[in-house]
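Let's have the full structure, built from the sequences with the hints guiding it.
There are 2 protein chains.
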Amino acid sequence: MDNTVLILGGDGFCGWPTALHLSQNGYHVVIADNFSRRKIDVDLGLGSLTPILPLEERLAAWRETSGKSMDFILIDIAREYDRFLGLLRDVRPRAIVHFAEQRAAPYSMRSSACKRYTVDNNLNATHNVLCAIVESGLDVHLVHLGSMGVYGYTTTKMPIPEGYLPVRIEAPDGSCVEREIMYPPAPGSVYHMTKTQDALFFYFYNKNDGVRITDLHQGIVWGTATDETTMSEALVNRFDYDGDYGTVLNRFLVQSVVGHPLTVYGTGGQTRAFIHIRDTVKCIKLAIEHPPLPGERVKIFNQATETWSVRELAVLVSRLTGCEVRSYADPRKEDLENGLIVENSQFRALGLSPVTLSDGLMSEVRDVVAKYRHRCDLAKIPCTSLWTTGQTVDREGAPLSLAGSPAGATGISIL
Amino acid sequence: MDNTVLILGGDGFCGWPTALHLSQNGYHVVIADNFSRRKIDVDLGLGSLTPILPLEERLAAWRETSGKSMDFILIDIAREYDRFLGLLRDVRPRAIVHFAEQRAAPYSMRSSACKRYTVDNNLNATHNVLCAIVESGLDVHLVHLGSMGVYGYTTTKMPIPEGYLPVRIEAPDGSCVEREIMYPPAPGSVYHMTKTQDALFFYFYNKNDGVRITDLHQGIVWGTATDETTMSEALVNRFDYDGDYGTVLNRFLVQSVVGHPLTVYGTGGQTRAFIHIRDTVKCIKLAIEHPPLPGERVKIFNQATETWSVRELAVLVSRLTGCEVRSYADPRKEDLENGLIVENSQFRALGLSPVTLSDGLMSEVRDVVAKYRHRCDLAKIPCTSLWTTGQTVDREGAPLSLAGSPAGATGISIL
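Read top to bottom, the protein sequences are chains A and B.
Residues in the first sequence are numbered from -2 upward in steps of one, following my numbering.
Residues in the second sequence are numbered from -2 upward in steps of one, following my numbering.
Everything labelled a hint here was simulated from the structure, so no lab data went into it.
Honestly, I wouldn't trust all of these hints.
Any copy will do: because identical chains look the same in the list, a pair fits if it lies in one copy or spans two.
Each computed EDC-like pair below joins lysine to aspartate or glutamate, with the alpha-carbon atoms no more than 16 Å apart [to be verified]:
1) 204 - 331
2) 204 - 364
3) 154 - 175
4) 377 - 241
5) 330 - 206
6) 204 - 53
7) 65 - 53
8) 154 - 170
9) 65 - 361
10) 65 - 356
11) 282 - 68
12) 154 - 167
13) 204 - 332
Here's what the structure looks like:
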C-alpha cells in the first residue's frame, strides 16, 4: 500500500511514539518488534519508570482512543530473514523506519556478551533489511536511526556537517584534489561503532543496488511524552532512568525528583547534541515525506536541535530544582572536554521548528516522574558499565571536586 | 609461549603456506580452521586444481618432511566464542594471524544467502577475536588480512598511502584544519564492505583497549607454490581457477594451458595491485616481527608489489602462450577504467625484496597447471555471480570488441 510504513522496533522508546504519530497522521503503520528491549529490562532487573502496557494492549488502546489501527508482527529481524522477506513482500511498505538495534552505549560496554550481542544484532539486522529490500525488488525507502556519536573530531571552529565533508588532498606533485568524503568516523563505544559500520552498509547498497536510504544522526533524546502518548494513560511511553539506558537530561530530572545528587561523570565538560522526543517523531515523518530521489546518494540528516555540556545541564537542573550536583569518575574512555556545533539546516529547511530546552518542558518531565516516583529503584541510577577492564569506579559515588575543571572550555550553541 | 602464533583459517590458500613458512622459521604454529573453504567447494561442485590432502595428512607430511609439528583445532571462530576464548588462554600466542573470513568478492555477490553469510561470518569472526583478546587480558598482536579493495578514489596522480590520509578541512571562518584520517573507504562488493567494517572494529578496540593490531591491505595474490609447499607433493597448496575464487592472473594462466580464451570482463581497463604468494608469506612474517608499539595506533601496510591493468595482463599471457584474449560483459558494478599507484614503502623498509611478474614465475604456475590439467572442469571457468539483479551476462561468452576501449588510459606502475 502506498501509505504503509513498516516500523522495526516500534515498541521502543522512540519507536512507539513514532508509530503513534505516523498513525495519527494517516499512515498505515505495521510494527515489527522482538521485544528485545523489554527482555533486557528483565535481565537487568529494570523497568520503565512509566508503567508501559504490553504491546497488544497498547494497540487496543490506540484503536479505542483514535479510531485507527496498527498491525503488529513479532519477529527478530537479525535472525529470521526469510520471514522478514515474506513480510516485506506482503506489506509492500512505502518506507521502513529502522529502530531495531540495541541502542545504549553503556549496555554495549557492559560485558563481552553485551558487546557481542550488540554487534551481532545490530549489524545482521541492518544487513538483513538491505538484503531483503534488494531481493524483494521493491523500491522501499529505508529511514535509519543513526547517532551523532558517529562523528569524530568535534570542534567549536566548524559545525559538524550533515554526513559529508569536503576536504582537500595534496598530491605529491603539489596539485590539490578536492573530494567530498563521508565524515571520518570515530566511535566511542561498541554501540556507536555499529552505527559507523551501518553507514558502510548504506554506502554500498545505495551505490550497488540504488536502495534509497536516509540516515538520521540523532542527538540524545530527552522528554518522554508526545501529543499522541498523552491521549490516554494506556499509551504512555517508556521512560528509562538507569545507568545504562537512561539518557543524561532525563536522568537528571529523575534524580532531582527522587532526591539523588545529579550524577556528573568526569568534569561534565562533554558537549552533546540533544533533541526532544516530540521533535524526533516530527523529524521521522519529515524524512519519510522527503525521500532521496532515485539514484541519489545516501541522505544524511543531523537530527538534533541544540548542544549543551553535561555540566551546563546539571547547573540548569540544579537551579530549577535546588538539587545537589555531584561528580563521579568517568566510566567512559572519552575526552573530558570537547566543543561541538551541529549543522541541522536540512530539517529546518523542511519546516522543523525545534522544541528547545525550557523550564516548562523540564517541568513536564518532572511531573511524569513525580507521578511514578514510587516505581523508581534508586539502586539502578549509577552507571556501572565500565569502558575498559582496568577501570575502577567508586560505586559509592565518592564526590570529585568540580572546581578543577577548566571553566568556559565549552560553549552553548543553540542552532 | 613466546613463539606461538595462532593462525585462523590456516588451511586456506594463504593460510596454509603461511603456516608452513612460520613453522619452518621456528615458530610454534597452531592452526584454527572450520574448513569452510573446503565446504564451499562442496556446495559449488568445485575443487582445487591441485589435489590438496585433508589437513591431518598435510600436518603428518609436514612432520615427516621438516621434523616440525603444528597443532590444529577445528573451530568456528564466528560461532564458538567460549571455546575460542579458552583456546586463547591455553595457547597464549604472541600473535594471531586472522584469515578466517570468506574472501571472494564474486562469491559474496552470488546470492542473498552468500551476502548474508559473508557479513555474518566475517564481522562476527573479527569481533569475536577482538573481544576474546580483551577478555583474556593477554597482550596479543593481531595481524589481519585486509584488502586493497577497501580504498576508494584511485588515481594515477597520487599513490594510495598506507591506510591514513592527510587532508585539509576548511572551516567557515576561512581557517584550515589539518587532519590525518583513515583513507575514505569505497567498497565495491559485500566482501570488500566487510573489510572496511573490520577497519572500524580495529580502530575502536585499538583506541579503547589498546589492542595491538596490524591490518594488511593485500593486493590480488597470484602463484601457488612457496619454498615450503614444494618440499613434498603432500604439502601442495590449493589452486582456484573458477569464476568465484580464482584470481585473475592465475585464471589466465590456467586458461592458457587448457585452451580457454582469456576471460577479460569489460574493457579490462581495471588496474589492480598484485602480490605473489611467496611474498604474502614473507610479509606476514615481517608483520609479526614488527608489531605496533604499546599505545600505537593500528598499523596499516599495503601488501602489494606491483599494479597492472587486467588488459595488460591478458596481453602479457597471450604473448607468452599464444592464447586468444576474449572480452565479456562485466558482471561487476565498477569503473571500467581506473588508475592506481600503491605506496608500499613500509614493507620495503623492513627488507621485503618483491617477487615481481616474470616469464619464469608465470611458467612455474603453468607447469603446475599442466601437471593437474586433467582435474580442470572447464564449465567452472566463467564468472556467474552478478553484482545486481538487473544485470545479464551472456554465459556463452559472446565476444565484445576490445577495439573500442580507450588505449593507454592506465599505465603500469612497478613500485
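Here's how the hints hold up against the structure:
1. When the C-alpha separation of residue 204 and residue 331 is checked against a cutoff of 16 Å, the pair qualifies only between copies, where the shortest distance is 10 Å, while the shortest distance within a copy is 34 Å.
2. Proximity of residue 204 to residue 364 under the C-alpha cut-off of 16 Å is found in neither arrangement, the shortest distances being 48 Å within a copy and 41 Å between copies.
3. For the identical chains of this complex, residue 154 and residue 175 are inter-copy neighbours only, at 13 Å across copies versus 21 Å inside a copy, given an alpha-carbon limit of 16 Å.
4. Within a single copy, residue 377 and residue 241 get their C-alpha atoms as close as 9 Å, which meets the 16 Å cut-off; across copies the closest is 53 Å, which misses it.
5. For a Cα distance limit of 16 Å, the shortest separation of residue 330 from residue 206 across copies, 9 Å, qualifies, whereas the shortest one inside one copy, 38 Å, does not.
6. For a Cα distance limit of 16 Å, the shortest separation of residue 204 from residue 53 qualifies neither inside one copy, at 39 Å, nor across copies, at 44 Å.
7. Only within a single protomer do residue 65 and residue 53 lie at most 16 Å apart by alpha-carbon distance; the minimum there is 14 Å, versus 65 Å between protomers.
8. When the C-alpha separation of residue 154 and residue 170 is checked against a cutoff of 16 Å, the pair qualifies only between copies, where the shortest distance is 8 Å, while the shortest distance within a copy is 30 Å.
9. Within a single copy, residue 65 and residue 361 get their C-alpha atoms no closer than 27 Å, and across copies no closer than 73 Å, so neither meets the 16 Å cut-off.
10. Neither within a single protomer nor between protomers do residue 65 and residue 356 lie at most 16 Å apart by alpha-carbon distance, with minima of 34 Å and 75 Å respectively.
11. For a Cα distance limit of 16 Å, the shortest separation of residue 282 from residue 68 qualifies neither inside one copy, at 18 Å, nor across copies, at 58 Å.
12. Proximity of residue 154 to residue 167 under the C-alpha cut-off of 16 Å is restricted to the inter-copy arrangement: shortest distance 10 Å between copies versus 22 Å within a copy.
13. When the C-alpha separation of residue 204 and residue 332 is checked against a cutoff of 16 Å, the pair qualifies only between copies, where the shortest distance is 12 Å, while the shortest distance within a copy is 35 Å.
Hint check: violations occur at hints 2, 6, 9, 10 and 11; the rest are consistent with the structure.
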